[in-house]
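Peer 1: Residues per chain are reported as follows:
2 protein chains.
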Amino acid sequence: MPSFEREFDKLFNPRSIAIVGASNLPGKWGSMMPLNMIGGGYRGKLFMVNPREKMVLGFPAHASLKEIDEEIDLLVVAIPARKVGDIMEEAVEKGIKNAVVVSSNFAEVGEEGTQLERRLSEIANAGGITIVGPNTMGIYSASSDLCCMGAPVYPLKGSVGFISQSGNLGIQLMGWGQRRGIGFSRFVGSGNAANTDIVDFLEYLGDDPITKTIILYIEGLKDGRRFLDAACRITPNKPVIALKAGKGSQGQGAVLSHTGSLAGEFALFRGMMEQAGIVEAETTEELVDLAATFSALPVPKGNRVGVMTLGGGWGVAAADVFDREGLEMATLPESVIEELDKTLPKFWSRRNPVDIVGNVNRANHFKVLNALASSDAVDIVISMGTLLGRNFWIENMLKTTIRPLINMIRFHTTRLPLFQLSILKGFREAVSRRSESNPEGSGGINPSEALQWRDSVFISHMRELMREEKKPIITVAVNEGERSASSHMRNSGIFTAATPERAVRAAGKLATYARFLSSHRK
Amino acid sequence: MPSFEREFDKLFNPRSIAIVGASNLPGKWGSMMPLNMIGGGYRGKLFMVNPREKMVLGFPAHASLKEIDEEIDLLVVAIPARKVGDIMEEAVEKGIKNAVVVSSNFAEVGEEGTQLERRLSEIANAGGITIVGPNTMGIYSASSDLCCMGAPVYPLKGSVGFISQSGNLGIQLMGWGQRRGIGFSRFVGSGNAANTDIVDFLEYLGDDPITKTIILYIEGLKDGRRFLDAACRITPNKPVIALKAGKGSQGQGAVLSHTGSLAGEFALFRGMMEQAGIVEAETTEELVDLAATFSALPVPKGNRVGVMTLGGGWGVAAADVFDREGLEMATLPESVIEELDKTLPKFWSRRNPVDIVGNVNRANHFKVLNALASSDAVDIVISMGTLLGRNFWIENMLKTTIRPLINMIRFHTTRLPLFQLSILKGFREAVSRRSESNPEGSGGINPSEALQWRDSVFISHMRELMREEKKPIITVAVNEGERSASSHMRNSGIFTAATPERAVRAAGKLATYARFLSSHRK
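First to last, the protein sequences are chains A and B. At position 3 of the first sequence the residue is numbered 3 (full-length UniProt numbering), and the sequence of numbers has no breaks. At position 159 of the second sequence the residue is numbered 159 (full-length UniProt numbering), and the sequence of numbers has no breaks.
Since the hints were derived computationally from the structure, they do not count as laboratory data. Even glycine gets a Cβ: it sits at the ideal position worked out from N, Cα and C. Keep in mind that a hint or two might mislead.
Derived DMTMM-like pairs: lysine to aspartate or glutamate, alpha-carbon spacing no greater than 25 Å straight-line [claimed, not checked]:
id	chain 1	residue 1	chain 2	residue 2
1	A	K28	B	E429
2	A	K54	B	E429
3	A	K342	B	E111
4	A	K157	B	E395
5	B	K28	A	E395
6	B	K54	A	E429
7	A	K28	B	D341
8	A	K425	B	E53
9	B	K346	A	E111
10	A	K83	B	E429
11	A	K10	A	E70
12	A	K470	A	E280
13	A	K346	B	E111
14	B	K28	A	E429
15	A	K346	B	E112
16	A	K28	B	E395
17	A	K399	B	D145
18	B	K342	A	E111
19	B	K83	A	E429
20	B	K425	A	E53
21	A	K54	A	D69
22	B	K399	A	D145
23	B	K28	A	D341
24	B	K157	A	E395
Restraint ranges, calculated between C-beta atoms of paired labels, are given here [unchecked claim]:
id	chain 1	residue 1	chain 2	residue 2	range
25	B	A126	A	F347	19 to 29 Å
26	A	R82	B	S432	22 to 32 Å
27	A	D223	B	E274	44 to 54 Å
28	B	Q115	A	F266	50 to 60 Å
29	A	P209	B	P417	36 to 46 Å
30	B	I402	A	G493	21 to 31 Å
31	B	R521	A	G493	53 to 63 Å
32	B	E7	A	R351	31 to 41 Å
33	B	A377	A	G110	23 to 33 Å
34	A	L416	B	E7	26 to 36 Å
35	A	R52	B	I402	21 to 31 Å
36	B	E122	A	R351	27 to 37 Å
Chain A extracted, bound-state conformation (with noise of 0.2 Å):
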C-alpha cells in the first residue's frame, strides 16, 4: 500500500474537475461522465481535455492536461486502457491528488491489462495520487453534488455512505434507493482498487460528518486485520451494514472471475462481522432494506416486538419469523390489556400480536399503538395494515364506484338510475348516523373519519410517537407493495417495509446491533 497522505476532501469536494477523454457522442463514457456531473448539478469548474475536439458540452476542449492553467482537485480519465498511464503522468506533474478512472481492460482482462494497471498504480504512488478504480462506476458526493458516475443516477441527498466492490451494482442499488427513498452521502465503486483498499473510504465516512450509516458489498478484503480495525472504532458510533459476495463455492468462483477478488472462507468473513459489530445483509434486496431501517429509526434498547396488525394473517405471517430473528413477542403487561379493552372489541385477542379485527376507527390504531410503544415491555413496534398506499383512496374510489357503474351500465341498463339513487341514498344515511357507535365492529366507513385515514395523518403520528418513546416503529405497507412504501420514505424519517417478513427481518437486525451496543458499552 502506498505510503501517501491522502486527499479525500479534494475527492469528495472537489472545486475544479477535468475529464480526459471527454465527448459529444452519446452513450460514450467521456460524454455520460460530465453529463451526469452537470445533471447532478455540480457547480466547479470543468475542464474538458480532449485533442480532436474544440468545443465538447459547450465547454472549450482543452488539448491535454498541461493546457489547463488552473489547478485540478479531481481528475476523470474516459479513454482506453493503453493511453492512461501517460495521462497519470501528466496529472502527476500537474500535481492532482485524485483521479477516478473508468476505463476498464486492465488486471480484469488478463496479463497484459495486469502490466498497464501495475505501471498505473506505480505512477499514481509515486506521484501521491488516490486512483478510485480502474474500471469503475465512478463516485457520488451530496456535499458537493457530485455525481460523477457513468449512470444517470441522481441519489437524493442524506445519511447513508456506499462503498461498492462492484461498480455497476452498487449503480443499480442505489437507483432502487432512489426509488425506497434512501438519501445517500458519498458513494464509492472502487472498481479494480489499483492502490486503493475499500478500508481507505470506511475510515474516511467513518469520521465524515454528514455520512451516519455505511453500507458496503465486499467481495474481497486486501488487508483482514485493518478492515476489522477500522470497523472495531465505527461501529460504536455508526452501523455498518456488509453485504459479502462469495458466500458458497459457486459464489466464489464467480467473484474470481468478476473482480478477481479471493473471496476467502465465508465463515471467517462472519465471524468477523460479529466481532466487529457489522450487521450483515444476505441479499441486495436486503442490504437496500437495512440502509432505510438503520438510516430512519432509532436503536431499539432490547428484542420484545410489540405487533399491532389490521387483519389476523398479518400477525401470523410477521410472529412466524420471530424465531428465526432472534426477535421475542412481547409479552403485554396487564396494564397494556386494560388500556387495549378500552379501545378494542370485547373478543380481540387479548394478546400480542394486537389483532385489531376489524376495527376501521382510525383514531383507535393511534390508541393501540401508543399504549403499545409506551411500555416498558415493549422495545420495537411493527405496525401492520394501516398505511394504505398514496393513491390508495383514489383506487379504491375508483374501483368501487367506476366499476360497478359501467357493468350496472352494461349489464343492467334499466337499473342504473335506481342504481345511483340507492348509492345516494346510502351515502346521506351514512353521514347522518356517523356519531353513532358500533358495538360489534360490522358497520360502514364514518365519512367523516376519511381524512384521518390519509397516509400522511399515519406518518405524522409514527414520527411524533418514535419521537416521544425513542423506539423504532416499522410500518408495513401490505397494500401497496414496495413503491408506495417507498413514496411515503422520502425524507419523513420512518421505514415502511414491503412485507410483514421484511418488517421482522429489520427489526432482527436493529436488535442485533442494540445488542452488540449494549455489550460493547459494559
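Chain A is already provided as a structure; the job is to place chain B on it using the hints.
Peer 2: Quick look at chain B alone, frame taken from chain A:
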C-alpha cells in the same frame, strides 16, 4: 365431516346469488359484497334480501329468502352472527346448496360464538349446504367473473387457484398478484371452515380444468392423511405451492389466537410436503413469486443453470445463493464457448455466469441467450440486467437531457447555446458512425439499435426461445424493481424477478419440482 355430496360447480359458477343483509350503506359488508360482484362483472341474477329496505343498489329488496321465487345457486350472508342460523334454516328449505358467510363473531371469539357456529354447521350438514366461512373474505371465480369478496380486488383471469386459511391475507396477496400480472382461476378464503376442510377445495381445484397451478396458505390441517392423499394425486399433474404458517413456537401462538387452528409440528408438515411433492414457499412474498413462476414457465429437466449478466456484480449476487437453492452453475461445453467467442469481446470470462462485459449490442444479447438455452448442458436460463423497464427510455432521456439542460441554464447560462450545438454535433456523428464496429466495447450506443432495446422485443424473444427449447428462462428486472417487472408479466407467459436472488430462488423451486416429477415417473 358431513356426508352429503358437495355441489362446487354451483359455488363457482352460480346462475343466481341472494345476498342476505344487502345494504346501501357504504363500507358495510352487505354493501361491499354486491358492489364488488357488480364491479367484477358478474352477469347472473342478483337478489337483495333486506326487510328494512325497498331497494338495494338499484335492485328490489326482498324481505326474506322465501320471497324469492327463483332458484338460488349461492347464498351470501352478511348479517350479525346470532341471526345466521335462522337464515341457514330458510336456505335449507329453499334447497340452496352453497353459502358464503362473511359474518364474523363465531368460533374465533369464544364459547358463545362456538355455540352459534356449531348450530350453523349442524343445520348446513343436515340440509346439504356447503358453507364457505363463516368469518371469510369470500371467493373468486374467473369462469363466472365472480368477485364475491369483501374488498374491491378484481383479479386478472388466469390459471392460478388459491386456497387461503386467512381471507384478509389471501385477498391482499391477490392484490399483490394482480400488480405482478398473475392471473387467477379461483380463490377461496376458507375462514372458520364450519363444515368444510381445505382439502375439499384442494380436490376440486385438482380436477378443475381452468386451474393449472395451485397455491395454498395453511395455518393448520383438520385431517393430515386426507390432505397428503389429495396432494399426492394432484402434484404429478399440477404444481402445488404451500406457505405453511406456525413454524416456530411464536408463530404457533399467533396461529392459535388467529383462527384457533393447531399449527402442529412444522417438521412433520415439511416432511409431508416433501413426500407429496408440494413446493414450499417460506414467505408471503415468495408465495406470490412462485405463483408467477410456476404459472408462466415450463418445468425444467434438471438443476443446471446458465446465467447471462450485464454487470458482473449481478452474476456474483446470483451465484452466491446457488448452493443454498440446490442449483448448479452449468459447465459450458467448448462448443458454447466457441459460439460466444464470436459474439463477445475477446476478454470475456469464458465461463458461466456469462458476463457480457458492458456489451450493449442488443442482437448479441439474443445470441448469448440462444447459445445458453440451446445447450444440452443447460436446464434453466437466468438473464440479468437486460430488461429495462417500461419507462426506462423516457426516464433516461429525461435524466440525460432535461436535467443537464436545466443545470446549464442555472449554472452555466452563457454556455447554453454551445452546449446545445455540442449535443447536436455528437448525435449527428453517432448517426454517421452507426455501422462502425467497436472492438474495445467502450463506444457509444448505436442509435439505430435503440428500438431493439424495447422490453417488448426482449420479451417476445424470450417467449419464442422458451417455446423452442422448452426450458424456463427467468429474467431479472434489476433496473426497475418489482413494479416494472410486473407490468411485463401480464398474460405474457414470462416471469420477471425483482432481484437476482429471487430469480435464483424461483429457479431452485422449479428444479426441486422437476426432481420430484422425475422420481415420481420412475
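Peer 1: Give a verdict on every hint.
Peer 2: Verification of the hints:
Of the supplied pair hints, the one linking K28/A and E429/B holds, its CA atoms being roughly 12 Å apart against a limit of 25 Å. A C-alpha spacing of about 15 Å is found between K54/A and E429/B, which places the hinted pair at or below 25 Å, so the restraint holds. A hinted pair counts as satisfied when its Cα atoms are at most 25 Å apart, and K342/A with E111/B qualifies at roughly 22 Å. Using a Cα cut-off of 25 Å, the hinted pair K157/A and E395/B holds, with the two alpha carbons roughly 20 Å apart.
With a C-alpha separation of about 18 Å, the suggested pair K28/B and E395/A falls inside the 25 Å cut-off, and the hint holds. With a CA separation close to 15 Å, the supplied pair K54/B and E429/A stays within the 25 Å bound. Of the supplied pair hints, the one linking K28/A and D341/B holds, its CA atoms being roughly 24 Å apart against a limit of 25 Å. Taken as a hint, the K425/A and E53/B pair is honoured in the structure, with Cα atoms around 11 Å apart against an allowance of 25 Å.
About 13 Å separates the Cα atoms of K346/B and E111/A, which keeps this hinted pair within 25 Å; it holds. Of the pairs offered as hints, the one joining K83/A and E429/B holds, with about 23 Å between alpha carbons and a cut-off of 25 Å not exceeded. Straight-line distance between C-alpha atoms of K10/A and E70/A comes to about 15 Å, which keeps the hinted pair within the 25 Å bound. Between the alpha carbons of K470/A and E280/A the distance comes to roughly 24 Å, so the proposed pair stays at or under 25 Å and holds.
A distance of roughly 13 Å separates the Cα atoms of K346/A and E111/B; the hinted pair therefore holds under the 25 Å criterion. For the suggested pair K28/B and E429/A, the alpha carbons sit about 12 Å apart, so the restraint of at most 25 Å is met. Taking the CA atoms of K346/A and E112/B, the gap is about 13 Å. The hint holds against a cut of 25 Å. Under the criterion of a C-alpha separation no larger than 25 Å, the hint pairing K28/A with E395/B is consistent with the structure, at around 18 Å.
As the CA atoms of K399/A and D145/B are separated by approximately 15 Å, the hinted pair is consistent with the 25 Å bound. As the CA atoms of K342/B and E111/A are separated by approximately 22 Å, the hinted pair is consistent with the 25 Å bound. At roughly 23 Å between alpha-carbon atoms, K83/B and E429/A fall within 25 Å of each other, so this suggested pair holds. Under the criterion of a C-alpha separation no larger than 25 Å, the hint pairing K425/B with E53/A is consistent with the structure, at around 11 Å.
Our distance criterion of 25 Å between C-alpha atoms is met by K54/A and D69/A, whose separation comes to about 17 Å. Taking the CA atoms of K399/B and D145/A, the gap is near 15 Å; set against the 25 Å cutoff, the hint holds. In summary, the hint linking K28/B to D341/A is supported, as the alpha carbons are separated by about 24 Å, within the 25 Å threshold. Distance check on the hinted pair: K157/B and E395/A sit about 20 Å apart at the alpha-carbon level, within 25 Å; holds.
For the pair A126/B and F347/A, the supplied restraint of 19 to 29 Å holds, since their beta-carbon distance comes to about 28 Å. Checked against the hint of 22 to 32 Å, the pair R82/A and S432/B passes, with Cβ atoms roughly 26 Å apart. In this structure, D223/A and E274/B meet the distance hint of 44 to 54 Å, their C-beta atoms being roughly 45 Å apart. Under the hint 50 to 60 Å, the C-beta atoms of Q115/B and F266/A, about 57 Å apart, fit the expected range.
A C-beta distance of roughly 41 Å is found between P209/A and P417/B, which places it inside the suggested range of 36 to 46 Å. One distance hint, 21 to 31 Å for the beta-carbon pair I402/B and G493/A, holds here, with the actual separation near 30 Å. Between R521/B and G493/A the beta carbons are some 56 Å apart, a value that agrees with the proposed interval 53 to 63 Å. About 40 Å separates the C-beta atoms of E7/B and R351/A, a value consistent with the hinted range of 31 to 41 Å.
For A377/B and G110/A, the hinted distance range of 23 to 33 Å is satisfied, since their beta carbons lie about 25 Å from each other. In this structure the supplied range 26 to 36 Å holds for L416/A paired with E7/B, their Cβ-Cβ distance being about 33 Å. At roughly 28 Å, the beta carbons of R52/A and I402/B sit within the given window of 21 to 31 Å. A hinted range of 27 to 37 Å for the beta carbons of E122/B and R351/A is consistent with their spacing of about 31 Å.
Going through the hint list in order, the structure satisfies each hint without exception.
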